[in-house]
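Given chain H, put chain F in place with the hints provided.
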Amino acid sequence: MGFLQPLFLWGIAGVSIPVLIHLFSRRKSPPYYFSTLRFIKLTRKKTIRRQKLEEILILLLRAILIAFLFIAAAQPVSKRALFREKESWVILVLDDSASMSSLSGYAWKNLQRASEQILASLNKQTHVAVIFTGGKIIPFSIIHQDIAKKIRESQPGFHGNTLQNAIEQAFSMLDKKSGYLKIFVITDMQKSGWKNFSSATFKKINPDITIIDAGGEEKPVNLTLKDFYPLSGKAMYVGEIINWNDREITAEIKITGDDFEVTKSVTVSGKKTGEFEVKPDKDSQSFKVEILYSDDLKPDNYFYYQKERGAEKKVLLAGSDDTSVFYIKSSVQSTGTITVDIRKTNEFQDIFLGKYRTILMVNPQKIEQNIREKIIEYIVDGGTLIYFAGDRITSEDFNRDWTIEGKNEFLMPAKIAEKSEFLRPGKVAWVAAAHPLFAEFGEKTIDYLKTTRFNACFPIREITGDILMKLDNGYPLLLEKKIGKGRIFLFTFNVHRQWTNFQNKPFFPVMMSMLVEYLSGYTNSISVGDSVIVKGTENADSVSVINPMGEKIIIKNTEKKAVSYIPDIPGIWTAIFSDKEGEQRQCISANIPWQEGDFSKISYGEIRTIFKKNRISFVSSGQMEKLILTEVSSGKLMMVFLNFALGLLLSELILSNVLVFLKQRIARDVKH
Amino acid sequence: MGTTEKSSKILDPKILTRFGNLSLIAKTIVEGFISGLHRSIHKGSSIEFAEHRQYVVGDDPKYLDWKVYGRTDRLYIREFREETNLKAYILLDTSNSMNYSGQKDAITKFIYAKCLAGCLSYLMMKQNDSTGLVAFDSGIKNFIKPSSTRSHFHFLIENIENLEPGKDTNIGETLHKIAGIIKRRSLIILISDLFDDKEAVMSGLAHFRYKHHEIIVFHIIDRAEIEFPFEGFKDFIDMETDERIPVDSQAIRKEYRNIFTQFLYFYQKACSERSIDYVRAITQTPFDYFLYNFLQLRSRLF
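Residue numbers (my numbering), protein chains in the order written: chain H, 5 to 676; chain F, 574 to 875.
For reference, chain F alone in the conformation it holds in the complex:
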């Protein structure tokens, strides 16, 4: 995976979230992650050297290549291809189902998602990518246009930090709306548990693809949601709708697991069919795994 065990310990979400300050968390995670990488990514990616050309009057002398001048006595301007101008939108699902954690002392999916969003924005800020944020539940709650400045990053982090879980989800429709708003080709990072109508979600994602956006889906899942480790009779209450169903957990466990696995598999398959990057994020997984995944994708894209 490219991360050391040490860093994975540092980046354990459970420990990190105790810091409370999201920017600090994001910084810790990202710096820790980066220092663990063998190849430095500081150079290369944001500004890339393209070619040399002869200095003409009016050129900014700060771009003169003094080394070439020293060797050849000719004035050359270093010409850079400005990297991307990459605009990224983090689409953060704030529906109430995200506010779930399978164990009492574990972090909720929502906090996990917030951390992830923070890390990603920090990472992108470091790379001079412009980052925007769309928080949504049944509709759009926050829309922050992307920018790459440091002050913007802080604004972003503050916004993410202040997010509270909202009502029920309507991912499909919301994605369509967002897709209608974002005009320029961008990187869309969807952080959600995707607990909505599968087809609607996929159709929303397809809308982005249609507009030539690149999409990466971080599918946030709690382990309990996969394994259904409950015992005995329980009154299950839907966190979004307050609907109540009495269930003999053991009796339905097997079937539940089947259904849930199918649900996961569906997204995996449907995403790959539409060239959408799909990363399953179980809340116990350290963040650097996702960052790595993200960076790989990022470097592949631009």
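So here's chain H without its partners, still in its complex pose:
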């Protein structure tokens, strides 16, 4: 038997308390000079001896009670407990996130040692599986040596902590398994890994869970690069750096471009995020930002930034109303970074929609069934649509056409009614200022719209999305809806002078470009472990992905759809494919999630609240060295000792009460 919290064993010294009380109270009895002890001695033979016996019995009970309480608190563990069950299924969930490589891999070595000890202590018949949080899985096997070997050979990755997925996976793997179920989670207890953790989606089974803290007590001195991005319109870049320590730290930062190198010194106060600006002489496509501050968490010290190359932001504009199309086109193109393709809706049949970030439909005609389906599929897969409703469509057609067949779901944010023309022009009265679309201007948006007038719009009914803009007469102007992975923005008016003067106002191009940026813009810096979708690959048979090490991976594109890959090391990843327009390159920088730099630990209590239904126990990092007989069902043994202690407490109470009763009876008899 061993103990998970051996410090509590010191508490057994508390046994001395009743002993001391016993001795103390003995000594305290006052002396009394009596004429003779002749007669007392005669009685003493029986009474005093029994009295002493009772005293010692109670003393013993109390001493054992205290000892048992502390043994229970020390969480006794027994190797044999696991083997009581005929069949045991054990899953090791190993946290191989980037933070595990901190402190020269101390945490990772701890993890490997702990898992080896667990494997060594298991019964030969125990089925063991391993789930790495990075996604690697070793399926159930009873050949423990193989598993141990694989764990020995494994290395921590660069991805963030995805314990939620890994533990969920473990629950699913244990589902419908009979016998003793156990999950060991070996992690550095990083708080970020448990953020938004929820066991709600887990299978409804109750395995024992042991969380082993491999992180150690020592916190690495740590700075993390959070972000690096260009300021649009200026040849300037901004970087964000987080200081996780309590004290102020000055860091040397090296920024390496394609053919230049700059060094900057940044001072960040404790527990704060600092910013630094760089104005390189030459512009560059990709950047590597590095903290020269020497600490042990090497992989977290650099950050890659890659300007987009190849995959331009393309927008598909469809519409037949020339003026409206003109306004929209010129507004969107004013950003300078977005290319606009103008097509008629009936030409959509031949276009691979996936390569466009956004489809803009301005006062479209009635759309054919097959094209509608294509658009719906595009949106559900993650595309975005901006729709200006105009005179060419009737409300009946609109409401019928955009119903997703078979699902009884309506694609648009709301159904529309017959066009309503106002007697008095309407003004914009309300804007969802907190929406990211308007975030840049916030509450001021309304001011920019002061002179904008609306003569007509489509009233809406059966709203399923969110209203973003409203007129003073209550009619909504703009609605948003998320559907599948995509989004739809519905304007209930057309940009035409019969409807509004909005298109003539300076805010219109600003809003349009914001909208297109908002819909089409995704960060071109992602975290290691996130999936990257390579769009526009419809005609490519395969996509080559080149990782930062220069290794090439070929992904076959048999389904002729957008392909995806998951970067597993930080750096710049390039996807190359050929389509009609020739060879295309899509580059993306993958970075270690900045949260990995935070070494603050989650408390046991917080974890307990997550797994309310499961028996959960903890092995702290301080005990890692002693973890030879790996805990198995400490909970059970703890309960045994607790029950013993409870039993002792009861018997002590009963015994002392009986004694008091007897004494009282004697006293009563004497009085009589």
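Note that these hints are calculated values from the structure, not bench results. The reader is advised that the hints may include incorrect statements.
Stated by the list, open to error - Computed cross-link-like contacts, BS3-like style, restricted to lysine-lysine with a CA-CA straight-line distance of at most 30 Å:
(1) F:K827 / H:K56
(2) H:K45 / F:K842
(3) H:K45 / F:K740
(4) H:K283 / H:K318
(5) F:K756 / H:K45
(6) H:K140 / H:K154
(7) H:K348 / H:K370
Relative to the frame of chain H, chain F by itself:
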């Protein structure tokens, strides 16, 4: 009992012992006691008229009965039988166990015994009995031969007053020794708590009986010794041996009382079997009770 309530109040040992002077105490007690009796005992007991006989030359003329001469013109001598010549020995136990009192303000058994001894000697002095004193603990400490003179009484009282409690008791053996010393038939008054081996004590007393002494035992007991009214845990220390025993008083009380009652009963029974007068004296009891007891015995004896 023959004493009035008033006298019993006067004779309350607690009040009396405040006087400090033993002869005064003894006097107060005895006079108070006597004045309370209906029948005067001044006459009768010490010198008793026996017969008249004719005066012959050489007779002391002070014994002539002038009343008879006046009536008959004949000279008659009143002849008295000299009363007893009673010799009494007060055997006073001065062992340390006698130095106990159950309550803080109560008198110890020893003081009580001393008062009792004083009273008895005063009473006997009044009756012209000769009184002696033997004080003892583990051995004989004082031995004063009996005499009936007033000066002797004072000497006796002084001696009693100066007695201090001594060491442990060895009553049985001491009684044997004393019995060996006292030759003439006497009245032996034993004042003791008798905390010794019961059989040894009885054998010592039997020795006296064997020598035809009359014995009266005043068994001095403190009420606390009978009732054992203590509470809780106490370290009981033997006053004679300093032995120490921790005791849960309540737990042993019942048994203790049984044992002690048996102890008392034993003496009562054993004494009556050997025609020894046994008077139990609890220190709270007024003295006149014992004096009365004593006098009853005294008048019965001689």
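Here is how each hint holds up against the structure:
1. F:K827 / H:K56: With a Cα-Cα distance of about 18 Å, the restraint between F:K827 and H:K56 holds, given a limit of 30 Å.
2. H:K45 / F:K842: Between H:K45 and F:K842 the Cα gap is close to 23 Å, so the pair holds against 30 Å.
3. H:K45 / F:K740: Given pair H:K45, F:K740 holds - Cα atoms ~20 Å apart, limit 30 Å.
4. H:K283 / H:K318: 29 Å, holds
5. F:K756 / H:K45: 39 Å, violated
6. H:K140 / H:K154: Since the Cα atoms of H:K140 and H:K154 sit roughly 11 Å apart, the hinted pair holds (cutoff 30 Å).
7. H:K348 / H:K370: Given that 30 Å is the threshold and the Cα spacing comes to 12 Å, the pair holds.
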